[in-house]
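Asker: Please model the entire structure based on the sequences and the hints provided.
Going by the UniProt record's numbering, the first residue of the sequence shown is number 1, and it counts up by one from there.
Be aware that one or more of the hints could be misleading.
Now the in silico label distances, taken between C-beta atoms and shown as ranges [unchecked claim]:
id	residue 1	residue 2	range
1	Val47	Ile69	12 to 20 Å
2	Asp56	Tyr21	34 to 42 Å
3	Glu22	Gln61	27 to 35 Å
4	Met34	Gln61	16 to 24 Å
5	Leu48	Met71	15 to 23 Å
Worth flagging that the hints you see were computed from the coordinates, not collected in a lab.
For every residue, glycine included, the Cβ atom is placed at its ideal position computed from N, Cα and C.
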Amino acid sequence: MSGPRLENVMKGQAESQSRPYEEVERAFREVSPMDEFVTAQDVADAVLFLCSERADRMTGQDLNVTAGIVMY
Numbered sequence: 001m002s003g004p005r006l007e008n009v010m011k012g013q014a015e016s017q018s019r020p021y022e023e024v025e026r027a028f029r030e031v032s033p034m035d036e037f038v039t040a041q042d043v044a045d046a047v048l049f050l051c052s053e054r055a056d057r058m059t060g061q062d063l064n065v066t067a068g069i070v071m072y
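Answerer: Here you go:
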């Protein structure tokens with residue numbers, strides 16, 4: 001497909017400068033049905049997939065990388 005396509009990656013909570021990693025991870029795991037924490041690598045892997053030929057037929061999708069937490 002040529003031309004622009006728009007995809008949206010919804011990431012879960014992530015580490016920030018204002019909150020320590022351990023605090024963010026604990027809070028996220030408490031509400032995650034998977035008891036998992038979304039890492040920067042998880043989000044990067046999703047973006048790399050969207051940039052690859054394997055995602056050529058995807059258009060206008062929201063890709064949730066949230067460990068099961070609804071972010072809408």
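Asker: All hints are to be evaluated individually against the structure, with a verdict given for each.
Answerer: Quick rundown of the hints versus the structure:
no.	hint	verdict
1	Val47 x Ile69: 12 to 20 Å	holds (19 Å)
2	Asp56 x Tyr21: 34 to 42 Å	holds (36 Å)
3	Glu22 x Gln61: 27 to 35 Å	holds (33 Å)
4	Met34 x Gln61: 16 to 24 Å	holds (21 Å)
5	Leu48 x Met71: 15 to 23 Å	holds (20 Å)
Checked against the numbered hints listed earlier, the structure breaks none of them; every hint is satisfied.
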